[in-house]
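Single-letter residue listing:
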Amino acid sequence: MKTLLILLKYRLKNTSFSRKTRSRFYIPGLQFLILLLVFGSLIFPGAYRTFSELKQYEESLNLSIVNGLSISESYFSFITLVMLVLGFLNFLPYLVYSLSDYEELNFLLQLPVKKGTIFVYKAFDAFAGTFMSFAIYIPIAFAFGLSRSLFYAFLTLLAAFTGYFLMLTLALFVSSLLFNHISRNIAKRLGGVLILVNAVVFLLLFSVVASNGSFEAGKILEISSSMAKRYLPSYWVAKAATGGGLEWLLLLFFGMWFFRMAYRFASKALFEPVESEKSIIAFNENKRVNLIKKEILLLARTEQSFFFFFYPLIFSIIMIFTTREMYSSTLVMVMISSFYASQMMVISMSSEFLSWPLPAYLPLKLETAILAKTILITMIYTTLFVVSILINVMYLDMNPLLLLSFPGAFMTFFISALLGVKFYLSSGAYKSGVHRRRLGLGSTLILEILTFVAAVGNIMVLMAFLYVRGMQKVNILLFDLLFSGTTGILLGLGIPIFASVVMTVYSMKALKKQLRLIKEGK
Amino acid sequence: MIYAKQLTKKFGELVAVNKLDLFVKSGEIYGFLGPNGAGKTTTIKMLTGILKPTEGEIKLLGMNMENDEIAIKRAIGVVPDEPRMYDNLKGIEFMQFIMEIYKSPREETVKRFEDICKAFGIDYLDKFIGDYSHGMKQKLMLATVLMRQPRVVFLDEPTVGLDARSAKILKLWLRKMANNGAAIFMTTHVLEIAEKMCDRIGIINEGKLIAEGNLEELKELSKEKYETLEDLFLELTGGNEFKDIIDHLSE
Ligand SMILES: Nc1ncnc2c1ncn2[C@@H]1O[C@H](COP(=O)(O)OP(=O)(O)O)[C@@H](O)[C@H]1O
Ligand SMILES: [Mg+2]
Chain C
1 MKTLLILLKY
11 RLKNTSFSRK
21 TRSRFYIPGL
31 QFLILLLVFG
41 SLIFPGAYRT
51 FSELKQYEES
61 LNLSIVNGLS
71 ISESYFSFIT
81 LVMLVLGFLN
91 FLPYLVYSLS
101 DYEELNFLLQ
111 LPVKKGTIFV
121 YKAFDAFAGT
131 FMSFAIYIPI
141 AFAFGLSRSL
151 FYAFLTLLAA
161 FTGYFLMLTL
171 ALFVSSLLFN
181 HISRNIAKRL
191 GGVLILVNAV
201 VFLLLFSVVA
211 SNGSFEAGKI
221 LEISSSMAKR
231 YLPSYWVAKA
241 ATGGGLEWLL
251 LLFFGMWFFR
261 MAYRFASKAL
271 FEPVESEKSI
281 IAFNENKRVN
291 LIKKEILLLA
301 RTEQSFFFFF
311 YPLIFSIIMI
321 FTTREMYSST
331 LVMVMISSFY
341 ASQMMVISMS
351 SEFLSWPLPA
361 YLPLKLETAI
371 LAKTILITMI
381 YTTLFVVSIL
391 INVMYLDMNP
401 LLLLSFPGAF
411 MTFFISALLG
421 VKFYLSSGAY
431 KSGVHRRRLG
441 LGSTLILEIL
451 TFVAAVGNIM
461 VLMAFLYVRG
471 MQKVNILLFD
481 LLFSGTTGIL
491 LGLGIPIFAS
501 VVMTVYSMKA
511 LKKQLRLIKE
521 GK
Chain E
1 MIYAKQLTKK
11 FGELVAVNKL
21 DLFVKSGEIY
31 GFLGPNGAGK
41 TTTIKMLTGI
51 LKPTEGEIKL
61 LGMNMENDEI
71 AIKRAIGVVP
81 DEPRMYDNLK
91 GIEFMQFIME
101 IYKSPREETV
111 KRFEDICKAF
121 GIDYLDKFIG
131 DYSHGMKQKL
141 MLATVLMRQP
151 RVVFLDEPTV
161 GLDARSAKIL
171 KLWLRKMANN
181 GAAIFMTTHV
191 LEIAEKMCDR
201 IGIINEGKLI
211 AEGNLEELKE
221 LSKEKYETLE
231 DLFLELTGGN
241 EFKDIIDHLS
251 E
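In order, the protein sequences belong to chains C and E.
The opening residue of the first sequence carries number 1 in the working numbering; numbering runs sequentially from there.
The opening residue of the second sequence carries number 1 in the working numbering; numbering runs sequentially from there.
It is possible that part of the hints are untrue.
[Claimed, not checked] Straight-line distance between alpha carbons at most 16 Å, and here's what the computed EDC-like set of lysine to aspartate or glutamate pairs gives:
1. C:365 with E:55
2. E:176 with E:28
3. E:219 with E:195
4. C:519 with C:367
5. E:25 with E:163
6. E:196 with E:216
7. C:519 with E:55
8. C:519 with E:195
9. C:287 with E:57
10. E:10 with E:87
11. E:52 with E:68
12. E:196 with E:28
13. E:171 with E:195
14. E:171 with E:217
15. E:19 with E:212
16. C:365 with E:68
17. E:219 with E:206
18. C:519 with E:66
19. C:365 with E:212
20. C:293 with E:100
21. C:287 with E:126
22. E:59 with E:21
23. E:176 with E:199
24. C:287 with E:100
25. E:137 with E:163
26. E:137 with E:87
27. E:219 with E:107
[As the list claims (entries may be wrong)] Restraint-style ranges between C-beta atoms, simulated for each label pair:
28. E:19 with C:107: 41 to 47 Å
29. E:52 with C:448: 30 to 36 Å
30. C:498 with E:52: 31 to 37 Å
31. C:400 with E:126: 23 to 29 Å
32. E:230 with C:375: 53 to 59 Å
33. E:219 with C:186: 53 to 59 Å
34. E:67 with C:105: 46 to 52 Å
35. E:230 with C:112: 37 to 43 Å
36. E:126 with C:449: 42 to 48 Å
37. C:267 with E:37: 38 to 44 Å
38. E:214 with C:107: 41 to 47 Å
39. C:498 with E:115: 55 to 61 Å
40. E:112 with C:366: 25 to 31 Å
If you are wondering where the hints come from, they were derived from the structure by calculation, not from laboratory data.
C-beta atoms are modelled at their ideal positions from N, C-alpha and C, and glycine is treated no differently.
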């Protein structure tokens with residue numbers, strides 16, 4: 001226990017081997033508290049009112065109890081279920097990441113610390129990254145309890161903690177099983193996919209809540225009571241919160257059991273080096289790994305890829321179906337994509353420079369290698385853009401002419417990607433010993449602004465122009481004013497071309513300068 | 001094959017490499033010996049074209065970096081001090097990538113690579129490089145350089161992290177390549193290694209080449225004043241201040 005505290009203290013103070021950049025004024029405990037307070041003050045009043053009203057409603061009508069839970073209880077159990085699922089989806093990928101961080105793990109294993117302690121420490125580490133759903137859930141649980149009495153408020157809090165603990169141990173159990181069966185590398189990539197899944201679930205939930213503000217209360221209660229199943233941990237939490245003894249036992253028993261199993265599997269899977277089976281070199285498959293193939297392999301194996309590539313597309317699809325409006329959904333997509341294109345380049349460049357000076361010795365110009373990456377990433381985002389436009393054309397009956405905007409998209413992503421390279425290099429992150437995989441906050445902000453300018457200057461003007469040209473009726477007055485007639489052609493094509501040329505020249509020049517600096521050893 | 005004249009590199013005030021003259025001919029293994037921070041890595045970086053010299057001239061295989069960068073890079077092989085490769089590639093994929101990008105003749109390269117792997121005991125090619133230890137990476141790096149049979153080879157502290165057996169094999173392999181006409185330039189801070197592996201040794205300290213010659217010549221030089229070559233090396237590199245400590249330790 002004492003060693004665990006020392007490790008945690010060290011983790012909170014030290015940022016050098018966790019590559020996350022943090023400000024100097026970072027006080028971790030305080031951050032959690034503030035988050036909890038903010039969420040608490042936002043969520044608690046509404047939740048308290050809802051539960052109080054539900055309770056009065058129950059009492060006045062003497063409503064029947066479904067599956068052993070009253071309406072307010074089944075509602076609380078439903079919220080618990082949602083929060084636990086969200087928490088699980090949130091926690092698992094972080095945990096997988098945290099457990100597949102070799103550098104830190106190898107370092108920790110050298111310390112005179114028990115493996116189990118390291119495992120628990122890693123779990124804490126991951127929990128810190130997923131505090132959000134916890135901060136939302138706790139005020140709700142407190143509100144539910146307080147709508148009965150102060151005593152129940154504390155009992156509910158206790159039950160909520162225990163339920164949350166059960167969820168965490170389940171995630172620990174799942175991840176330890178995962179590591180037992182697949183390599184750390186694959187686990188890491190799986191973590192990337194899970195993060196995307198997590199983001200999509202959040203997004204869907206958010207859009208459902210946002211678009212159905214008038215969601216009938218009756219409907220929710222109906223769903224709640226249908227989800228009040230005796231075998232669900234959320235049911236146990238609701239029961240335990242209202243004084244159920246058996247449910248307390250169930251929660252604690254499964255929590256402990258999952259934890260024990262996880263502990264056991266994890267110390268086997270994580271901390272014992274994998275026996276390298278003797279492998280015979282297999283050349284007969286005649287595989288060729290050229291420059292592009294190498295880039296594709298590296299990209300496909302970067303954990304962040306799934307997220308950075310598919311999130312913009314999924315986001316735009318959800319927007320298309322919720323807003324049923326093309327221009328804004330495309331705008332958001334292009335903005336996210338162009339920023340992500342630059343971020344993907346940062347990640348991709350850092351994997352190249354982690355192997356420095358190897359890239360400098362390859363018989364090709366560094367510019368060529370960088371350009372290969374840039375083009376590849378640009379093409380991927382352009383393709384995703386075209387897919388999104390196609391969906392618009394098919395489901396919103398947009399004019400197929402809009403597909404002609406793809407050169408604008410290409411240029412936007414190309415410039416953004418180049419800017420990503422430029423900022424990566426000028427941050428000095430390539431220097432051995434630094435190896436940052438992310439940019440500082442300042443550079444990231446500037447990058448965000450510049451990629452935004454690129455997006456607006458290129459694709460958004462072009463789209464607006466095509467909008468006006470491709471449709472008889474336009475309902476955005478400004479577009480109509482700007483882009484009709486001959487001056488419209490001049491503006492609609494001129495601005496994107498001008499923006500492309502200027503920004504390409506700028507980023508190319510900046511890039512060349514950085515490459516020269518590297519050669520001079522600065 | 002390797003030629004440098006008045007090679008100088010300044011990092012601001014610090015003169016890391018100071019007016020170095022070097023010549024390594026075909027068939028020769030040249031050992032560049034010096035203590036930590038002497039400027040060995042900086043010299044290799046300049047010779048191999050990833051660092052621009054502040055002053056001086058370099059010729060490799062009769063070509064210079066300005067005009068024939070790609071041709072030179074294709075002809076030479078470099079094993080840097082840190083064996084860093086793409087962590088997310090498997091060993092075998094990395095080898096295939098190197099083969100493809102250098103346009104090496106397939107069959108004989110694969111054949112040589114298999115031989116080297118056998119000799120070094122490389123049996124982890126289907127694993128991700130990110131999972132390798134330092135020594136495993138070093139061996140893979142060596143294998144992918146040696147399989148190409150470059151005519152000029154640079155090795156920066158190649159024996160660091162290698163087990164005794166692999167070091168021995170490396171020595172034999174380099175000798176074989178030299179016998180076939182390659183010029184080999186390797187750095188080390190360990191006198192013993194230079195003694196064992198190299199035909200000619202240059203001693204560098206604080207950026208300056210302070211003695212050069214084959215083993216006999218260097219021994220001759222040391223006989224006048226010192227008992228062993230080691231004493232000469234220590235004296236030349238300013239280590240004599242520590243002689244008392246060393247004597248004390250070796251008692
Ligand atoms: N990029 C750099 N910037 C500033 N100083 C450097 C740089 N690279 C090397 N040096 C300095 O040059 C000197 C020689 O370094 P190096 O060539 O790496 O020595 P070694 O002989 O150990 O390989 C050292 O004092 C080192 O600190
Ligand atoms: Mg060195």
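Practice item. Return holds or violated for the Cβ distance of residue 126 of chain E and residue 449 of chain C against the range 42 to 48 Å. Key: Roughly 45 Å apart at Cβ, these two residues keep to the hinted range, so it holds.
Point to revise | 16 Å Cα cutoff - pair residue 52 of chain E, residue 68 of chain E | key: At roughly 15 Å apart (the allowed maximum being 16 Å), residue 68 of chain E and residue 52 of chain E satisfy the hint.
Practice item. Verify the proposed pairing of residue 219 of chain E with residue 107 of chain E, using a straight-line Cα cut of 16 Å. Key: Since the Cα atoms of residue 219 of chain E and residue 107 of chain E sit roughly 45 Å apart, the hinted pair is violated (cutoff 16 Å).
Exercise for review: Would you mind confirming whether the straight-line C-alpha gap from residue 365 of chain C to residue 212 of chain E stays at or under 16 Å?
Suggested key: Answer violated: residue 365 of chain C to residue 212 of chain E is near 35 Å, above 16 Å.
Review point. Has the given pair, residue 176 of chain E with residue 28 of chain E, been kept, meaning a C-alpha gap of at most 16 Å?
Key: holds, 11 Å
Practice item. Determine whether the Cβ-Cβ distance between residue 230 of chain E and residue 375 of chain C falls within the hinted range of 53 to 59 Å. Key: holds, 55 Å
Practice item. Mind checking the hinted window 38 to 44 Å against the Cβ distance between residue 267 of chain C and residue 37 of chain E? Key: holds, 42 Å
Review point. Does the structure keep residue 365 of chain C and residue 55 of chain E at a Cα separation of 16 Å or less?
Key: Violated: residue 365 of chain C and residue 55 of chain E sit about 23 Å apart, past 16 Å.
Practice item. Starting from the range 37 to 43 Å, see whether the pair residue 230 of chain E and residue 112 of chain C falls in it by beta-carbon distance. Key: holds, 38 Å
Exercise for review: Measure nothing beyond the straight line between the CA atoms of residue 176 of chain E and residue 199 of chain E; if it is 16 Å or shorter, mark the hint as holding.
Suggested key: holds, 13 Å
Review point. Given the hint that residue 171 of chain E pairs with residue 217 of chain E, does the C-alpha gap stay at or below 16 Å?
Key: Measuring from Cα to Cα gives roughly 22 Å; hence the hint is violated.
Review point. Taking only the CA atoms, is the gap from residue 196 of chain E to residue 28 of chain E under or equal to 16 Å?
Key: Holds, at roughly 14 Å.
Against the hints set out earlier in the document, violations occur for numbers 1, 5, 8, 9, 10, 14, 17, 19, 27 and 31.
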